[in-house]
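Trainee: Read off the chains here:
There are 2 protein chains.
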Amino acid sequence: MTKLRALAPSLLLASTLLAAPAFAQRTAPAAAVVDPAIAKLRDAALTDDVAYDIVEGLTTEIGPRPDGSPAEERARQWAVAKLKALGFKNVRIEPYALQNVWVRGAETAEILSPYPQPLRLTALGNSGATPPEGLTLPVAYFASFNDLLLAPAGSLTGKIAFVSNAMQPTQDGSSYGSQGAARFVGPNIAATKGAAAIVIRSIGTDHGRGPHAGNTNFAPGVTPIPAAALSVADAENLERMVKLGKPVTLHLTLTPTVAPTRLSGNVVAEVPGTDPAAGTILIGGHLDSWDLGTGAIDDASGVAITTAAAKRLMDAGKHRRTIRVVWFGDEETGGFGGIAYAKAHAGEVHALAAESDFGADRVWRFETNLPETAKSLADRLAVALAPIGIVRGSGVGGDGTDVGPMLRTGVPAIDLNQSGLRYFDWHHTPEDTLDRIDPEQLRQNVAAWTTMLALVADAPETMGPVTPKK
Amino acid sequence: MTKLRALAPSLLLASTLLAAPAFAQRTAPAAAVVDPAIAKLRDAALTDDVAYDIVEGLTTEIGPRPDGSPAEERARQWAVAKLKALGFKNVRIEPYALQNVWVRGAETAEILSPYPQPLRLTALGNSGATPPEGLTLPVAYFASFNDLLLAPAGSLTGKIAFVSNAMQPTQDGSSYGSQGAARFVGPNIAATKGAAAIVIRSIGTDHGRGPHAGNTNFAPGVTPIPAAALSVADAENLERMVKLGKPVTLHLTLTPTVAPTRLSGNVVAEVPGTDPAAGTILIGGHLDSWDLGTGAIDDASGVAITTAAAKRLMDAGKHRRTIRVVWFGDEETGGFGGIAYAKAHAGEVHALAAESDFGADRVWRFETNLPETAKSLADRLAVALAPIGIVRGSGVGGDGTDVGPMLRTGVPAIDLNQSGLRYFDWHHTPEDTLDRIDPEQLRQNVAAWTTMLALVADAPETMGPVTPKK
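Each protein sequence line maps, in turn, to chains A and B. Each residue of the first sequence is one higher than the one before, counting from 1 in UniProt numbering. Each residue of the second sequence is one higher than the one before, counting from 1 in UniProt numbering.
These aren't lab readings, by the way, just hints derived from the structure by calculation. Model, not experiment: these values are computed from the prediction. Keep in mind that a hint or two might mislead.
Which copy? The list can't say, so a pair holds if one copy fits it or any two copies do.
[Claimed, not checked] Pairs of lysine-lysine residues, derived as DSS-like cross-links and limited to a Cα-Cα distance of at most 25 Å, are as follows:
{"id": "1", "residue 1": "243", "residue 2": "84"}
{"id": "2", "residue 1": "246", "residue 2": "84"}
{"id": "3", "residue 1": "469", "residue 2": "243"}
{"id": "4", "residue 1": "89", "residue 2": "193"}
{"id": "5", "residue 1": "375", "residue 2": "243"}
{"id": "6", "residue 1": "469", "residue 2": "89"}
{"id": "7", "residue 1": "318", "residue 2": "470"}
{"id": "8", "residue 1": "469", "residue 2": "375"}
{"id": "9", "residue 1": "246", "residue 2": "193"}
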């Protein structure tokens, strides 16, 4: 909407400001005004069907999309066809190779004593393997990750560590960072203390039987041990048993393997802008998913939201900046899609980068790392997003695995943060399926992204480079 | 509480009636009065911990308890120890044999075309087996059980029938009867129309990935076909594929077997009464469970609620009638526990029979088939239960698989109906675990049963025999 630049700001008093109470002035300064045409675009996006259609298509016609799998290859072809059908330009696959791809094998576990019961679990990415017949060993219980850290060196020899570290939901998802350590590095720590294997309580906020998959990482020189996540209900049951005071013996079988080189790729599509020198706006989500669910909230919704918003900009007319939508090929196993993108597009001018990878519940907050010279843009964004329930956060934006490699080169960022209160109920579980998507909240996401793109695509400000967020 | 019988009814005006509006008179007649001591017992039960302790113990120390399994045998021993520890008399196992026990095997399924995806399902009890390598066949889709009934004879030859019959929650659980037909008799009907196998949408009200197990039955002379329930999410996904219009091919592997004779047994415990001629009050639930969950709501809660209530009567003093608590050994695969009980106790005078087998959410209604001569007892029950939110239903009581064989001999019944609005979210699934039990609602159940037992144990009325409910 190049016409926006021709309008004098003084004519564009946003109606939402007229009755704003004093305390709101901090987030929506009276000086910031927004073209009513943007409000119209925003509100029209609240009836969007494109995003839901993409999530439904990916979950129904593809399903699970593990990295480097035939399903991921089918997903790329599906993406190309869909993006072309939606009218995007320069639609293509940018292929790259994945090395040493971890592949799930058999995964079973049973308590042998004192109370025989089967357990539901899933191996963590990069887990080592047990012998085919499994391991039978006593359990060493740790109520928290902290307790595991305190275990003396060598104290876990001949044992299966069980870390029952619980996670509570947080709106900003920060508990994933703090409590997720049990998964991210717990297996490595257990290995260094001599453990033969480790099972953790799933990093999740539910109480169900579906275990939460996810990667773990072993430090160089540490031999990976078998590592798995129990469903939260199973971890709670095992914890009750441990607390009854009798020694607990587990039989654990995990037989993952490592495949040699496999093909992956990013799917790229564009809405060409009128001013190539103004830089490209990079947005997207990731096309790959864990294998237990169908990858609806992680992250079909992310590619769907960003694509639906970009299409709305495309259909609304010409804009200054090119919008590039990327369906990144690998996020879950190491962010190799984002790394490949940054390598392929090094040296290109990027005006902004933003990703959607936190489900499809309502966006409640935005944060940026825009410089002082683009302060007015952030102010206009605050005014334009307030009517759909989005507040300006007091922190600094610039998160995301897929766009991370670009952000680290100094590209500025705007984060549109979804509510994380339900996300970790289903994250990486069999339950990540289409029915977890609330169509009304999904539409609010599309409206938020449409609003942001409409402002940024035609902003007169120069936005970067910036100092990357640590 | 034998003292109750010495009090004149006119002295026992229930305070709850004083301000009762006119419309309430139908369910709580002013003439019905209840001993305040019963209200005290009822209200004390709202702090019960015995029931939760039993559910926690059975799910933690035993877990899944399939009929005729070693786990069920361990559960009987656990039950005997627990009932003795609680102070019950005449605690014993009444063993009986189970014939032709269906045993789960491997169970996997994948869509091969047009959109390859794995499916989550579970074989139905009495399902036939596929070859070990599975069946690969086209799907014949039926949106409802009714549509399956309308399929022409022979039209399913060489096909896997897929019945996507949806179930909505009902407070009284009646949708299980109406929509459950797809499981109860759908496989038999599909077999008679030539189907090679059948998959149904789970009979459940959730949208999750945990399939709902359960029995199906084939008519004499009909060879069982492989029959399985897809999780609701998987059925919804498969249905979306079907509606895209391309032929769908499924690969289905089910390898159940049938075991010869296995041992089961009912666990019986008593609170002896002072007047053997007044007849025994038979209450209980079932100890067995399906194998996917740990049998918390189906039916550890049933044995827990009835046992906790009986213990409260025991601890309150002597009563006229003997209360017999039975943890029935087999309900899920044919109600053989109830049949064995009726055979073992034929000829004994039973004053009343009642079971709890519908989870642990709040009791919202009671219904009886008491005769006109015991009308006053039902009126007293209405008065005593109203303060904990229980209304008198307009129907006739007398349901239950476990006590059914006794009811059919003319024993009167009182049904305390739990709300079914959540029950079929988890019924027969992996999700039937301890965390589904709401301790506060469980206590309300104990209070309802304590109240009912207190009234019936010392009631001066003769209650039966009655004409059994059809």
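Trainee: Each hint should be assessed against the structure and marked as holding or not.
Mentor: Hint check results:
no. : hint       : result
1   : 243 to 84  : between (58 Å within a copy, 23 Å between copies)
2   : 246 to 84  : between (62 Å within a copy, 22 Å between copies)
3   : 469 to 243 : neither (44 Å within a copy, 47 Å between copies)
4   : 89 to 193  : neither (54 Å within a copy, 52 Å between copies)
5   : 375 to 243 : neither (56 Å within a copy, 50 Å between copies)
6   : 469 to 89  : neither (32 Å within a copy, 71 Å between copies)
7   : 318 to 470 : neither (35 Å within a copy, 73 Å between copies)
8   : 469 to 375 : within (17 Å within a copy, 77 Å between copies)
9   : 246 to 193 : within (23 Å within a copy, 55 Å between copies)
Hint compliance for this structure: hints 3, 4, 5, 6, 7 are not met, and every other hint is.
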